[in-house]
Structure formats: structure tokens, C-alpha cells
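Student: Go ahead and model the full structure; you've got the sequences and the hints to work with.
So the sequence lines, in the order shown, correspond to chains A and B. The first sequence stops at residue 325 when you use my numbering, and every number in between is there. The second sequence stops at residue 589 when you use my numbering, and every number in between is there.
Keep in mind the hints are simulated off the structure, nothing from the lab. Note that beta-carbon positions come from the ideal geometry of N, C-alpha and C, so glycine has one too. Check each hint, because a few of them may be wrong.
[Claimed, not checked] Distance windows between CB atoms, simulated:
id	chain 1	residue 1	chain 2	residue 2	range
1	B	Thr-445	A	Val-315	39 to 45 Å
2	B	Thr-344	A	Gly-202	35 to 41 Å
3	A	Leu-201	B	Thr-445	56 to 62 Å
[To be verified] Negatives, chain B to chain A, calculated, CB over 10 Å:
id	residue
4	Ala-401
5	Ser-420
6	His-435
7	His-501
[To be verified] Sample of chain A residues with no beta-carbon within 12 Å of chain B, all distances over it, derived:
id	residue
8	Leu-12
9	Ile-20
10	Ile-55
11	Asn-77
12	Asn-102
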Amino acid sequence: MTSRRWAMPALLALVVVLAILSVAVGRVTLTWDMWKAQDPVSRAILIELRLPRAILGVLVGASLGLAGAAMQGYLRNALAEPGTLGVSAMAALGAVLSIFFNIAGLHPWVLPICGVIGGMTGMAALFALSGMTASVLSLVLSGIILSALAVAGISLALSLSPSPWAATEIVRWMLGGLTDRSFDELTIATPLIVVGCIAVLGCRRSLDALTLGETGARSLGIDLNRAQWQLALGIGLIVGGSTAVTGMIGFVGLIVPHLMRPLVGSRPGALLVPSAIAGAALVLAGDIVVRLLPGGSELQLGVVMSLVGAPFFFVLLHSMRRKLT
Amino acid sequence: MTRPASNLKISGLQFRRGTRVVLDAIDLHLQSGAVTAVLGPNGAGKSTLLSCIAGLLRPERGSIELDGTSLHSLAAMQRARRIAFLPQTPEIAWSIDVQTLVGLGRIPFHGLSSDEEDRTAVTRAMIRTEVAQWADRTVTTLSGGERARVLLARVLAGESDWILADEPFTGLDPSHQFEAAELLRAVVDQGGGVVLTIHDLTLAARIADRVIIIDDGRIVADGTPQDALTPQILRDVYNIDAQWLDGANGTPPTIAIHGRATRS
Chain A
1 MTSRRWAMPA LLALVVVLAI LSVAVGRVTL TWDMWKAQDP VSRAILIELR
51 LPRAILGVLV GASLGLAGAA MQGYLRNALA EPGTLGVSAM AALGAVLSIF
101 FNIAGLHPWV LPICGVIGGM TGMAALFALS GMTASVLSLV LSGIILSALA
151 VAGISLALSL SPSPWAATEI VRWMLGGLTD RSFDELTIAT PLIVVGCIAV
201 LGCRRSLDAL TLGETGARSL GIDLNRAQWQ LALGIGLIVG GSTAVTGMIG
251 FVGLIVPHLM RPLVGSRPGA LLVPSAIAGA ALVLAGDIVV RLLPGGSELQ
301 LGVVMSLVGA PFFFVLLHSM RRKLT
Chain B
326 MTRPASNLKI SGLQFRRGTR VVLDAIDLHL QSGAVTAVLG PNGAGKSTLL
376 SCIAGLLRPE RGSIELDGTS LHSLAAMQRA RRIAFLPQTP EIAWSIDVQT
426 LVGLGRIPFH GLSSDEEDRT AVTRAMIRTE VAQWADRTVT TLSGGERARV
476 LLARVLAGES DWILADEPFT GLDPSHQFEA AELLRAVVDQ GGGVVLTIHD
526 LTLAARIADR VIIIDDGRIV ADGTPQDALT PQILRDVYNI DAQWLDGANG
576 TPPTIAIHGR ATRS
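Tutor: Structure below.
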């Protein structure tokens with residue numbers, strides 16, 4: 001219990017420190033003196049480049065952490081996450097299709113909305129494929145099916161792409177990153193992600209009740225149908241909104257709840273907010289690492305997350321092996 | 326603390342799974358302040374009946390009224406505050422601590438009761454089931470019997486008028502069975518109503534005020550344990566030769582099972 005009390009303030013402090021670092025660190029290191037001197041170049045770097053990037057990092061990280069914790073709670077499965085189960089890929093497919101069919105240019109909102117539709121379709125398909133009482137096996141298999149389908153769709157769009165610009169854009173989505181994001185992207189992603197987070201947080205009690213299984217939850221007065229649609233909508237908005245502006249960033253939702261359980265306990269509802277905060281910290285840290293790595297061009301954030309996430313996933317799977325067989 | 330009397334009126338209940346009629350023409354009037362045991366062979370429809378009364382399954386025909394109000398006209402949360410349900414194989418998905426698990430029983434009261442009231446109800450339930458000493462222990466570290474007590478505490482924390490328990494004694498050793506039975510008896514003594522399904526005939530004879538025997542979806546006996554658990558009914562329903570033995574000098578009765586009935 002004592003660890004729970006300091007966990008949240010400590011995490012919040014970590015996010016603040018990482019956000020400050022994220023604003024200061026990069027090809028040009030910004031210092032307090034430069035800011036005080038009102039240097040126009042450093043100001044431009046700060047406001048045009050670093051600030052939107054840091055805010056987007058917090059937003060995307062927090063919402064992906066939240067989405068992962070909520071999915072694990074709903075499916076009562078510690079391996080669930082939008083990325084590993086193909087929901088992110090479906091969102092990316094939605095966004096890619098909007099580029100492919102050349103409708104993304106009609107309005108800045110078209111692409112993110114297509115991403116959201118893709119994400120929500122992914123959630124609905126996942127629920128339909130794996131069923132309510134998802135076993136590890138049926139869940140992982142459903143994830144494989146969805147990912148395969150989405151990746152195939154994206155590859156198809158890529159090989160049939162109408163223009164080189166479209167092909168480049170598509171590749172960018174598949175990698176994911178926070179590079180060169182402006183306040184324009186932020187204004188599009190923020191409302192989608194915030195509404196998604198509110199919808200997911202509204203499922204708190206349903207997720208808690210699901211600890212006792214489907215029957216247990218229903219006997220506690222939970223409307224599981226409603227919870228399912230609310231989650232599909234919320235996670236669809238989060239994954240669609242974040243994928244549309246940053247591309248696919250996987251594993252955040254997988255890693256973060258696992259790190260939080262020892263700190264705040266395993267009750268799914270209590271895990272949501274800490275997972276969001278830790279998700280923000282993880283993505284900010286990953287984005288800082290991306291900038292500090294030597295080399296001519298920056299590594300994409302999605303790549304770094306996968307490099308960290310895939311081994312983590314493996315370790316997790318290994319420790320759960322006894323349950324699987 | 327005695328609660329006002331409550332009653333459940335089930336009339337003409339029918340429930341089907343596909344084309345199979347699982348429950349048919351069930352008429353029951355259940356009163357709080359009594360332990361009602363529902364018996365019957367596997368697949369007779371006991372669990373289905375309990376799920377219908379808990380509002381988890383919607384019957385095809387017939388009605389279930391809780392104190393004169395149709396059960397299905399109640400909002401799910403409202404229903405959950407009045408009727409608590411302990412499933413047959415309770416699932417605990419995450420390794421949460423005992424106190425948190427018991428606290429899940431307060432979910433239907435969210436927004437209606439203060440944190441203080443919730444805490445008090447949880448503590449009271451843990452004290453009644455004698456699990457308070459494990460409050461901070463993880464449920465996965467408990468033995469089967471201990472976990473059963475904790476799950477019962479979860480149900481008690483809801484302080485509902487009714488507790489429906491689907492085979493609450495399965496998997497418990499005799500001592501824990503009696504312990505669980507005593508806890509349910511305490512609920513009834515305070516004016517609550519308990520309906521449970523059970524396979525152990527002797528245990529049913531000892532703990533129930535009323536025994537209902539279901540066979541093939543229909544009620545075949547309903548009355549005091551001694552009236553319902555007759556050799557003839559047990560032979561018809563279970564195909565066994567069994568006998569009600571009164572305990573000597575006021576000790577509890579036993580149902581002696583001699584073996585499978587030889588059909589004449």
C-alpha cells in the first residue's frame with residue numbers, strides 16, 4: 001500500500017522531467033540562457049518543433065497506455081494491446097486507404113477519421129473473432145488474422161499506389177514517429193484522443209467487475225454490451241487518432257500495464273490512469289532516445305518501441321507458457 | 326440489523342436453449358428469511374433457474390417478480406443491489422488483494438454510497454467471513470477453501486436482500502462446507518433470503534429450510550427437507566436407494582445412500 005501512494009506523484013514528476021528534456025534535447029540543445037536571451041531561432045525550434053512534439057508524445061503515449069490497460073482488463077488477458085492484436089494496423093490501413101483513394105487531401109480531417117474507422121473496425125472484428133471469453137490462443141490468433149489482413153491491405157495499397165508521394169506517406173505510417181509534427185497535427189489528434197480517453201475511462205467500473213468474469217460482471221449489474229461498444233469506440237478513437245498523426249507505435253499498451261501492476265495493484269480500473277501516465281513517460285523517453293542516437297537520420301519512434309517491445313513480449317509469453325499449454 | 330421481508334414470485338417460467346426446454350412451468354414463491362436449496366440431477370435446470378432469478382437469463386415465458394415488481398423492468402444496477410449472485414465456478418482474472426476483491430461487491434452502489442459506507446460494508450463482510458486478516462493478501466496465494474470464503478465475502482459486501490449461490494459448497498472439505506453454510510445461515514437470520522443449488526443430500530437436509538427438487542426442467546418436490554427428500558422422490562429423480570435417518574438425541578439428520586436403485 002505504501003508503494004501506491006508515492007507511485008503516482010513519482011510518475012507524474014517523471015513525465016514532467018521527460019517533457020522538459022524532450023523540449024530541450026535534440027540536434028540543437030536548448031538551454032535556459034538561450035530562452036532568456038529571446039533568441040528567435042531557439043524560440044522557433046521550441047514552439048514550432050519541440051513543443052508540439054513533446055505534447056503529442058504525452059498525448060499519444062498516455063492514450064496508448066490507457067488503451068492497452070483497458071484492453072487487457074476487458075479481455076482479462078495480459079497479452080492484449082492494440083498494437084499486438086492488429087488494431088493499430090487496422091487504423092493504419094484506414095489511413096492508408098484514404099491516401100490511396102486520394103481523399104485524404106480533401107480535408108485535414110479525412111485521414112484521421114479514416115484511421116478511427118479502421119481502428120474501430122479492428123476492435124469490432126477482434127471482439128467478433130475472439131469472443132467475449134477470449135483465451136490466449138484465440139486472442140493471439142485473432143490478432144494474427146487482423147494484422148495479416150491489415151498488412152496485406154497496406155502492401156497492396158503500396159504496390160498499387162497512384163503516386164510516389166502516396167507511397168512515401170504510406171511508408172511513414174508504417175514506421176511511426178513524432179518527427180516534424182506541428183500544432184496542426186495536434187489540433188486534429190487532440191479532440192479524437194481526448195474523447196477516446198473519456199470513453200475508455202468511463203468503462204472503469206465495467207473493467208473492475210470483469211475481474212469476476214462475464215457472469216460475475218453481469219450479476220453486478222454491468223451492461224457488457226454497452227461496455228464493449230464504448231471500449232471499441234474509445235480505443236478506435238485513440239488508436240485511429242494517434243496513428244493518423246504519428247503512425248503505428250506498438251507495444252506501449254502492452255509494456256506499461258505490466259510495469260504498473262506491481263506499483264498500483266492489478267485492479268483493472270485502478271490501472272488505467274497510472275498506465276496513461278507511464279505511457280506518456282515511455283513514449284517521451286523513446287522519442288528522446290530516437291533523437292540522441294548517432295547517425296545521419298533519426299530512427300523512427302515506432303521502430304524503437306518495437307525493438308524494446310518485442311523482447312518484452314517474448315519474456316511475457318515465456319513466463320505465461322505454463323498457462324498456455 | 327434485520328432487513329424488511331422480501332419475496333420473489335416466479336410464475337409459469339419457461340426457458341429454452343435452442344429447441345430444448347430447460348425449464349418448464351416453474352411456479353415458485355420464495356420468501357426471505359429462509360435457506361432454499363434447489364436440488365436435482367446434473368442438467369436438470371438448477372443453474373438455469375438460478376440465473377433466471379438473478380436476471381442473467383431472460384426466460385421465454387412467465388414472469389419473475391421481486392416484491393411485486395417485474396425483475397426485468399428493474400435497471401441492471403438496481404437489480405444487482407437487491408440480488409447478489411455467486412457463480413458456480415467463480416473466476417478471478419487478476420491477482421488482486423482480498424480487500425479489493427471483496428470491494429468489487431460494492432460496484433452496484435457506485436455513486437449511491439459514500440467511500441466510507443463502502444469501506445464499512447467491505448470490512449463488515451470480511452469480519453463476518455473471517456477473512457479480514459488476509460485483507461492485503463493476494464487472492465492467488467489463498468487455498469481453495471480460503472478463496473471460497475473471500476468470494477462469499479464479496480457477495481456479502483453488497484448487503485443485498487437475496488443471495489443466490491450456485492453450488493457454493495463444491496470443492497470444499499466438510500469443515501469448510503459447514504463454515505460456508507453457517508455464513509449463509511447468518512444472512513438468513515438477519516432477514517435475508519438465500520437460494521442455493523447443492524448436490525450433497527445430507528448437507529441439504531441439514532442446512533435448508535425448504536428443499537426444491539427439479540428434474541428435467543420441472544419441479545417434482547417442494548417442501549421441508551423431510552417432505553421433499555423422501556426415498557420415493559430420490560429414487561425417481563436420482564435413481565438411488567436412499568433413506569432419511571433422523572439423528573439420535575436431536576443431532577442433525579443424515580441421508581443414507583445405499584446404492585443405485587434396482588428398477589422393478
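Student: May I ask which of the numbered hints given earlier this structure violates, with the numbers listed in increasing order?
Tutor: 3, 4, 5, 6, 11
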